[in-house]
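With the hints as your guide, set chains R and F onto chain D.
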Amino acid sequence: MTINKESGMAASILSAALMLPGVQAHAEAPPTNGVISVGYLDYRDSQSGLDRINVHAPSVSIMAPVAGVWSVSGSLVKDDVSGASPRYHTAVSGASHMNDERKAGDVSLTRYLDRGSVTVGAAYSTEHDYVSRALSLQGSYESEDHNRTWTAGIGHSDDKIDPVNHIVTNERKRSTNFLLGVTQVLTANDVAQLTLGYDDGNGYFSDPYKSFDNRPRTRYETTLLARWNHHVAATDGTTRLTYRYYHDSFGVRGHTLGAEYVQPLSDGWTLTPEVRLYTQSAASFYYDPVYDSKLGAPFPPGYNGTGYMSADQRLSGFGAVTLGLKASKQIDKLWSVDAKVSAYQQRGSWRLFHQGSPGLDALRAQTVQIAINRQW
Amino acid sequence: MKFVLALAALAALAALSGCASIGNVQPWEKGTLARSEMTFKDGTLFNRYDDHIYTSREASSGGAGVGGGGCGCN
Amino acid sequence: MVDAVHRLLFDAMGSRCEIRVAAPDGGSAQQLIHRAVDEVRRIEHKYSRYRADSIVSRINAEAGRKAVPIDSETVGLFGYAAALHGASAGLFDITSGVLRKAWDFRAPRVPSAEVLEPLLALVGWHQVECGVFEVYLRRVGMEIDFGGFGKEYAADRAATLLAEAGVRHGYVNLGGDMRFIGPRMDGQPWAIGIQDPREPEGVLATINVSEGALATSGDYERFFELDGQRYCHILNPRDGMPVRYWRSVSVLAPVAVAAGSCSTITMLKQRDGLDFLNASDMAYLAVNGEGQMLYRDLI
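Chains as they are written, first to last, in my numbering: chain D, 402 to 777; chain R, 58 to 131; chain F, 2 to 300.
With the rest of the complex left out, here is chain D:
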């Protein structure tokens, strides 16, 4: 009998006991332990053989149960971003160099009720040319047998944009988003979740650092997220599948398919390989790197100074693949560490079902993330 199995027994006795009616005052269990995590991210991407953006981001997050029926959580992250990104398409020359620091924090408060919970949250981030503030309210409600949970949420964010090149000044972007979801226990080893989201945004969506970037002042986004976690008794591992469909008024449609497999090993180690496939269509106003015959790059063909347009690679049609591997070690009752490496590649030719946008160089990115966690 390994330590893992034995501790699972005592834990399963406790969870079975907590399910007996009337043995404790609140059913949707608030956390019994708090956790503090300190982490670090190293991200770098490259294109056409040249390094582009490099991000170093230390962060800290904390979750603490309070007075038995509340929990508070918060996080802080500081992104140190440096490098260059193309002004249009994947053009290497004349790329906009930058060195920026972004600080972001968020905090949320959850109140656990008899059969559900309510969470209010606030987020704030600031960089030298962009400030974002957001508020959210989310609630969950469980069925009597706790096998189904409904979730609903509403959030609002208010961003201020003041680019250093003064292409625009004091611009704003506001958006309100809604979500409605249901989580259903299917069997003792399966649980699934379906979430519908809608976001209504208006304001300044263009990228001031990209040449000739003019986007509509409204953006409506719809997402459908389906998730399924399945425990494999034979290996004691768990498969975690995700599919997300995204559609917005810019004309972008994206499909994301993610698969993770969590495999506990001996001595408190867990290995989690991950694959993510992504494909998106180009925005309706995205133009390929085919330039006006008279004006040349970066002018789009027939450029007359009006209309929506963007040469931002992120709005082109492409497919992307991520391969990742995470290793976690539970050191003792209180401490654990996680480390993850992943490789990402984005190519126009990898777009699924349709032709991707031509003429763009592949984008490659690598990330390394580590985190140290302590419970109390």
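Please keep in mind that the hints were generated in silico from the structure rather than gathered at the bench.
None of these values were measured; they are calculated from a predicted model.
Where is the CB? At the ideal position from N, CA and C, for every residue including glycine.
Among the hints, a few may not be true.
[Stated by the list, open to error] Taking beta-carbon pairs under 10 Å as the criterion, some of the chain F residues facing chain D (in silico): (1) 77; (2) 83; (3) 88; (4) 89; (5) 91; (6) 282.
Showing chains R and F alone in chain D's frame:
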């Protein structure tokens, strides 16, 4: 296409609420479901990092939560 | 405005019981305590082996004959019994009560194999068919009883009732199985003495508890000694013989039902019980057969 998908999603949600027989899992069978890898809790540091990276390199965003705030990521 | 601590001593479930609460005035405290005692008595009567009209007696009477309809509270208790059976690899078995007929702890006599065998045939959780609305014991003579966690369940129910009525300080103690509602009025923990398993008036250790539950299982509640060997009332369902190895096991857990089940399972696991305690998250204090005290986070 968007309309068809929204309809499919609503139909799935409605079907789930009508179904009484699936998910009839008793409290004493829920030991496995309590494991952290079986939950959908996405608040970890790595989830935040990953979401942030994908949002700044792809056009799709969101889906899982509300009120996350934006950034001028380039 | 909290005034004084009110206390009631009473007998229930074959033990001395105590409820202690702090409430704004004497009147409401008395009322709340009586509601809690009523809840304990309700559970006692509903699940008592000694009352012919209890659901347990009716289920046992129809063993081998027909299924008996049960309500959702009873279904929940059967479900918990199933979970314990699984978690203890079959050692905790609520059908093992029939073995009681072989052991008379007033006369120091070890039953023979001929006496135990037919009773052992009636023991076995797999012989219980428990559904969502009814339960059926497959063999005539089979018996189930919730004595293994009934007192702890009642302690949890009584304490939750008080907590939901607004009580913030106090505890419910049913024969040594305790569920705490909150610390003393001044915020200090309650000082609880753990009984010495070999000294009826003696205390092994005093521990401080403000919340959660404390339960103790021991070989000293009902026993006899023969030729220097103690035979206690906790029987191994596989061979019908009393367990040895531990003199007493006390466990702290969030609810009494879990604390009591874990202390009993530790006794049933005998030597392997220590691994079980160490692998769990719980604080414990246990005394083995040599009188050695083992503990974690409890003193």
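Taking the hints in turn, this is what the structure says about them:
For residue 77/F, the interface hint holds, since its Cβ comes within 10 Å of a Cβ in chain D; the closest pair sits about 5 Å apart. Proximity of residue 83/F to chain D holds as hinted, the smallest CB-CB distance being about 8 Å (cut-off 10 Å). The interface hint given for residue 88/F holds, since its Cβ lies 4 Å from the closest Cβ of chain D, which is under the 10 Å cut-off. Contact between residue 89/F and chain D, as hinted, is supported at the beta carbon level, the nearest pair being about 8 Å apart and thus within 10 Å.
With a cut of 10 Å, the hint placing residue 91/F at the interface with chain D is violated, because the nearest CB-to-CB distance is about 12 Å. At its closest, the beta carbon of residue 282/F sits 7 Å from a beta carbon of chain D; the interface hint therefore holds under the 10 Å criterion.
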